[in-house]
Amino acid sequence: MSNDDIISSLYPPPPPYVKFFTNENLNQLDIWKNDQQQQQQQQSDITPPGVLRFLIPPKPPAGSHYRGYGNIWSFDDKLPSLKDSNWEQLYKDNDELITSETKIQELHKLMDSLLLNFLELIGIMSIDPQQFESKVKHISLILININHLLNTYRPHQSRESLIMLLRKQIDCKKLEIDTIDKVINDVKSKIFALTNDISDSNQIKSNSNQNLDNKQLQMNSIINKLLDNI
Numbered sequence: 022m023s024n025d026d027i028i029s030s031l032y033p034p035p036p037p038y039v040k041f042f043t044n045e046n047l048n049q050l051d052i053w054k055n056d057q058q059q060q061q062q063q064q065s066d067i068t069p070p071g072v073l074r075f076l077i078p079p080k081p082p083a084g085s086h087y088r089g090y091g092n093i094w095s096f097d098d099k100l101p102s103l104k105d106s107n108w109e110q111l112y113k114d115n116d117e118l119i120t121s122e123t124k125i126q127e128l129h130k131l132m133d134s135l136l137l138n139f140l141e142l143i144g145i146m147s148i149d150p151q152q153f154e155s156k157v158k159h160i161s162l163i164l165i166n167i168n169h170l171l172n173t174y175r176p177h178q179s180r181e182s183l184i185m186l187l188r189k190q191i192d193c194k195k196l197e198i199d200t201i202d203k204v205i206n207d208v209k210s211k212i213f214a215l216t217n218d219i220s221d222s223n224q225i226k227s228n229s230n231q232n233l234d235n236k237q238l239q240m241n242s243i244i245n246k247l248l249d250n251i
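The sequence shown begins at 22 in the numbering used here and counts up by one.
Treat the hints loosely; a few may be bogus.
Straight line, CA to CA, 25 Å or less: simulated DSS-like cross-link-like pairs of lysine-lysine [as the list claims (entries may be wrong)]:
no. : residue 1 : residue 2
1   : Lys104    : Lys158
2   : Lys130    : Lys104
3   : Lys40     : Lys80
4   : Lys203    : Lys189
5   : Lys99     : Lys124
6   : Lys113    : Lys130
7   : Lys158    : Lys124
8   : Lys124    : Lys104
9   : Lys113    : Lys158
Keep in mind that the hints were calculated from the coordinates and are not lab data.
All chains should be modelled from the sequences, with the hints used to inform the complete structure.
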């Protein structure tokens, strides 16, 4: 396989109607919508003419389920039950009403049944290996029930994961605030040290200037006395 084939097969090409999404067609679609409103034609089944029909979003599919990736999915954002998935439910309670304590008890029961069926499978394989199919189906059904019960904890896992993420962000913000406070305190201490040094230097200068003034006064007084004696 060449490099060109590898690159071209990474993503599928865009649909052909992408080329119709131009500014000119969008403006024509707005004009068509305004004309329809002025004519008071609010029928939902009216489609614009020509290539403008490709600019209208498709209607949502009817029904409560849709098929995708080889499976059937529900429009409602909830975990489908085993009965909806055409699997036998080995525990009695409904998924929406079952408590966490009951889930734990049922999981223990299913694990015991899984171990028992596995031991029975070993016995069947040692006696009559051709009779393994029914026991493998039992084990598969038990595993599906265990997997379904564990999937009922997905909302709790999502909530706890969100809580952990928010706590991590809060801790990071607190650490940033502490770092900023330390830098502010360091800057303040340095500013205070500089102001103290400046005030001390000014005090020394003022003292030295005062001493010079006193000496000048003394010299002036001595000179005045000498002049008076003359």
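Check: Of the numbered hints stated previously, which ones are contradicted by the structure, given in increasing order?
Finding: none
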